[in-house]
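Enquirer: Sequence:
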Amino acid sequence: MLSIRSATVADAPLLTTMIHELAEFERLSHEVNLTQDDITRDGFGAAPKFRALIAEWNGQAAGYAVFFEFYSTFQGRPGLFLEDIFVRPDFRKHGIGKGLLAHVAGVARRENYFCVRWEVLDWNTKAIDFYTNLGALFLDEWKAACLIGDALKSVAKEPK
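Residue numbering for the sequence shown follows my numbering, starting at 281 and increasing by one per position.
Some hints here could point you the wrong way.
Unchecked claim - Calculated lysine-lysine pairs in the DSSO-like style (CA-CA distance at most 30 Å, straight line): (1) Lys373 <-> Lys433; (2) Lys406 <-> Lys433; (3) Lys437 <-> Lys378; (4) Lys373 <-> Lys437.
What the hints assert, rightly or not - If you anchor each label on the Cβ, the simulated ranges turn out as follows: (5) Gly339 <-> Val289: 14 to 22 Å; (6) Thr315 <-> Asn404: 24 to 32 Å; (7) Lys373 <-> Tyr351: 32 to 40 Å; (8) Ser283 <-> Thr353: 31 to 39 Å; (9) Met281 <-> Glu301: 21 to 29 Å; (10) Arg389 <-> Asn413: 17 to 25 Å; (11) Arg389 <-> Phe410: 15 to 23 Å; (12) Asp370 <-> Gly325: 26 to 34 Å; (13) Ser283 <-> Asp322: 18 to 26 Å; (14) Ala407 <-> Arg285: 19 to 27 Å; (15) Gly325 <-> Arg285: 15 to 23 Å; (16) Arg357 <-> Asn404: 28 to 36 Å; (17) Lys329 <-> Pro293: 14 to 22 Å.
Because the hints were derived from the structure by calculation, they are not lab data.
Predicted model only: the values in this text are computed from it and were never measured.
Each residue gets a CB set at the ideal place from its N, CA and C atoms; glycine is no exception.
Can you make the complete structure from the sequences, with help from the hints?
Expert: Below you can see the structure in the form of structure tokens.
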């Protein structure tokens, strides 16, 4: 069974590990300089720079999402940028990624953000198909995507 919760400072080691796992999946391990201290300071310090969610499947850490606020001058209000969404390979095909995205979309709706935006690597066709099926709009060659309007509302209503 899926449960999604806000990460706490005690999750810093787990988040650090899963971020490294994501980087390996994305073939970008060579770019990661992140440490557990960075996560602790920037996610759980006096002025947090991001929020994080932990997805658990039957009590086991299955994935995570990291997101933060940005501001749109055109919209005149902030949006959420989904920096990472990752489900460990052994836990895929259980709706965990959709659950994490729905949880972030729900935060956006409840807190009056105008959208959730993210990027996906152009070779990751499974992710691109997944986001397309949710109604995401692709914005450029980096595959930046945005849930807005009806698509945001729809995903926010997905079972958590």
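Enquirer: Does the alpha-carbon distance linking Lys406 and Lys433 stay inside the 30 Å limit?
Expert: 23 Å, holds
Enquirer: Can you tell me whether the CB distance of Ser283 to Thr353 sits inside 31 to 39 Å?
Expert: Since Ser283 and Thr353 have Cβ atoms about 37 Å apart, the given range 31 to 39 Å holds.
Enquirer: Below or equal to 30 Å on CA atoms is what counts here, so check Lys373 against Lys437.
Expert: 20 Å, holds
Enquirer: Go ahead and decide if the range 17 to 25 Å is satisfied by the Cβ distance of Arg389 to Asn413.
Expert: 20 Å, holds
Enquirer: For the range 14 to 22 Å, tell me whether the beta carbons of Lys329 and Pro293 fit it or not.
Expert: 18 Å, holds
Enquirer: Using the beta carbons of Thr315 and Asn404, state whether their distance is inside 24 to 32 Å or not.
Expert: 26 Å, holds
Enquirer: In this structure, is the beta-carbon distance linking Arg357 and Asn404 contained in 28 to 36 Å?
Expert: Distance hint for Arg357, Asn404 holds at roughly 30 Å.
Enquirer: Between Asp370 and Gly325, does the C-beta distance stay in 26 to 34 Å?
Expert: 32 Å, holds
Enquirer: Has the hinted range 18 to 26 Å been met by the Cβ atoms of Ser283 and Asp322?
Expert: 25 Å, holds
Enquirer: Would you say the C-beta atoms of Ala407 and Arg285 sit inside 19 to 27 Å of each other?
Expert: 23 Å, holds
Enquirer: Lys437 and Lys378: Cα distance at most 30 Å?
Expert: 11 Å, holds
Enquirer: Between the beta carbons of Gly325 and Arg285, is the distance compatible with 15 to 23 Å?
Expert: For Arg285 against Gly325, whose Cβ atoms are near 20 Å apart, the range 15 to 23 Å holds.
Hint check: no violations occur; every hint is consistent with the structure.
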